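Protein chains: 2
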Amino acid sequence: MMKKYLITGSGGFVAKHFLDYLESLRVPVSVLGVDIHPISYPLNYSFVFFSFQQIDLQNKELTNDILKEYRPDYLLHLASFSSVAYSWINPVAAFVNNSNIFLNLVDQVRLLKLNCRILSVGSSEEYGNISETELPVTEKCALRPSSPYAVARVSQEMLSEIYAKNYGIDIVLTRSFNHIGPGQKEVFVISSFAKKLAEIKKGLVVTDTIMTGNISVVRDFVDVRDVVKAYHVLLNKGTKGEIYNICSGKGNSLRAVLLKMMEIIDITLNISTDELLVRPDDNKIIIGSNLKIYEDTGWRPSIPLETSLKDIIDYWMDNVPSL
Amino acid sequence: MMKKYLITGSGGFVAKHFLDYLESLRVPVSVLGVDIHPISYPLNYSFVFFSFQQIDLQNKELTNDILKEYRPDYLLHLASFSSVAYSWINPVAAFVNNSNIFLNLVDQVRLLKLNCRILSVGSSEEYGNISETELPVTEKCALRPSSPYAVARVSQEMLSEIYAKNYGIDIVLTRSFNHIGPGQKEVFVISSFAKKLAEIKKGLVVTDTIMTGNISVVRDFVDVRDVVKAYHVLLNKGTKGEIYNICSGKGNSLRAVLLKMMEIIDITLNISTDELLVRPDDNKIIIGSNLKIYEDTGWRPSIPLETSLKDIIDYWMDNVPSL
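Taken in order, these protein sequences are the chains called A and B.
Per numbering that gives the first Met the number 0, the first sequence starts with residue 0, numbered consecutively.
Per numbering that gives the first Met the number 0, the second sequence starts with residue 0, numbered consecutively.
Derived by calculation from the structure, the hints in this document are not laboratory data.
Any given hint might turn out to be false.
Any copy, or any two copies together, can satisfy a pair, since identical chains are not distinguished.
As the list claims (entries may be wrong) - The list that follows gives simulated cross-link-like pairs (lysine-lysine, DSSO-like), each with its CA atoms no further than 27 Å apart:
1. K249 with K2
2. K239 with K283
3. K139 with K283
4. K283 with K164
5. K139 with K164
6. K112 with K239
7. K309 with K201
Quick caveat: nothing in here was measured; it's all calculated off a predicted structure.
Based on the provided sequences and hints, a complete structural model is requested.
Shown next, in the form of structure tokens:
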């Protein structure tokens with residue numbers, strides 16, 4: 000029997016790369032994707048038997064019906080409102096579309112007594128403002144969530160731990176750091192920089208200055224293609240109820256990344272800060288330790304930052320119009 | 000102008016005692032109570048100008064309309080699913096009826112730019128399993144929520160901190176310990192013991208044995224009439240964004256309380272444990288420190304446990320039928 004994956008948020012950037020990874024393994028699998036939006040990417044798979052249902056996971060009845068009928072072996076829950084910036088604008092929607100839709104899914108797995116391994120995807124944002132002495136952060140570090148998005152993720156994580164420990168549901172948890180890669184929406188900073196650079200390079204925009212938010216913040220960037228491998232390995236080898244950082248272990252400021260991208264695309268711009276883009280309470284520095292996932296599963300990131308940035312720029316050079 | 004209080008969960012035990020306390024202050028105030036159930040207690044107030052609307056706070060439109068029209072000076076949010084036991088049976092409802100209804104209220108206060116002080120009521124359950132070296136727990140102790148109810152309360156608290164710190168909403172937070180007092184529903188353990196003892200005393204039940212859950216657990220019991228004074232003082236003098244334990248500072252096992260109640264009512268019973276009443280993961284010992292609220296506001300509990308227990312027994316002697 001083929002293994003069955005239910006992937007929520009299957010129209011998204013991470014899901015697309017996860018499917019590509021499953022295909023690369025050349026083992027036939029069944030995947031049911033669900034998403035609130037129709038799927039926009041092409042699906043040319045030979046080993047992934049993919050079907051799709053367009054539903055809003057806030058609709059409990061439909062969600063429950065899908066779990067009951069499909070009875071997945073794996074539930075990869077990627078549906079989320081994953082923009083910190085957006086969560087400041089609409090904190091209620093951010094909470095409902097992170098914590099509540101997840102809770103409904105795991106509760107249905109409990110009520111239906113499904114034998115299903117769930118990946119609960121969390122975020123490095125859960126750590127909040129980390130002091131330098133705590134770097135690189137391990138999974139034992141205290142959580143100080145400092146945005147509505149981060150609170151929603153911590154809530155989801157606390158619920159996952161209760162479901163794993165007390166109800167015996169087979170959940171493995173992640174705290175995923177900033178993923179980047181080709182195909183990411185431009186609401187995320189690296190993708191937005193790359194798109195702007197591509198537009199300038201192609202002459203669609205004429206300027207000698209790029210406007211940014213606070214680019215002194217340091218983040219741990221990990222390529223989405225490494226992230227999806229980590230998700231796959233955790234679904235297979237992760238320990239139930241345990242939380243794993245998924246990160247590169249290296250920190251780079253947004254400024255450094257932007258300068259590297261200018262070098263790759265070979266243009267030089269002035270950098271100017273737009274106060275409107277500065278977030279209310281941004282964490283200064285986040286770098287993670289990936290020792291735990293390495294020790295438990297052997298996973299480590301394989302794609303250097305330079306390669307990720309080059310692929311992201313290539314993606315946008317292909318996807319912004321030409322003059 | 001009279002001060003205006005919006006009290007959610009106004010049909011409940013705590014709200015009733017809060018209204019009694021407001022009345023005792025002999026200062027005219029306006030109170031709008033809302034509750035999903037009709038109010039069952041008599042309202043004979045001279046200083047409290049009370050009106051009531053029966054609504055489900057999950058109905059966002061109605062909730063928003065009430066805030067918009069009434070424009071309260073104080074929002075005392077008592078509506079909750081406050082039973083830990085129930086939260087194990089229906090974790091989704093516990094989460095929605097704690098975290099989500101609160102989030103909707105504070106977000107409307109934000110969107111309407113109301114000048115309103117909010118009391119966010121949390122619970123000692125947020126601490127989870129406390130090690131003996133951490134007793135009595137102060138507000139700085141790490142939270143390890145170990146029930147769906149506790150997770151919902153921690154989520155509410157994290158949201159409150161974001162709203163206070165980043166959106167500037169005037170919220171004061173509590174972690175309220177086990178409150179007891181006359182009128183409490185029998186789903187709570189002390190009230191259920193008292194009712195059983197009253198039934199036996201009055202000859203409605205003939206038995207020489209009382210069945211209990213795990214009565215070795217130690218809790219910090221605080222009289223509801225002290226709790227509502229704390230809520231009032233925090234609405235007036237609490238510091239925005241700060242969290243306050245509301246507790247007696249003393250620990251008693253359920254066994255000790257049960258024995259004291261038998262002594263008060265003057266009957267002797269065997270005690271037997273019903274495994275069905277033992278919760279999946281109960282915290283062994285919770286005792287709080289009330290130093291912070293004392294230092295900031297002068298509040299301290301005034302009603303001895305003995306008096307609380309006597310009043311609870313009197314309540315049930317008046318409220319169970321006679322043969």
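Cross-check of the supplied hints:
Taking the closest pair of Cα atoms, K249 and K2 never come within 27 Å of each other, the shortest separation being 35 Å inside a single copy and 55 Å across copies. Taking the shortest Cα distances, K239 and K283 sit within 27 Å of each other only across copies (25 Å), while inside one copy they are farther apart (32 Å). With identical chains, the CA atoms of K139 and K283 are at most 27 Å apart both within one copy (20 Å) and between copies (23 Å). In this homomeric assembly, K283 and K164 come within 27 Å of each other (Cα to Cα) only across copies, at 17 Å, whereas the closest approach inside a single copy is 33 Å.
In the homo-oligomer, the alpha carbons of K139 and K164 lie at most 27 Å apart both inside one protomer (17 Å) and across protomers (25 Å), since each shortest distance falls under that limit. Taking the shortest alpha-carbon separations for K112 and K239, only the intra-copy value of 16 Å comes in at or below 27 Å, while the best inter-copy value is 44 Å. For a Cα distance limit of 27 Å, the shortest separation of K309 from K201 inside one copy, 16 Å, qualifies, whereas the shortest one across copies, 82 Å, does not.
Checked against the numbered hints listed earlier, the structure breaks hint 1 alone; every other hint is satisfied.
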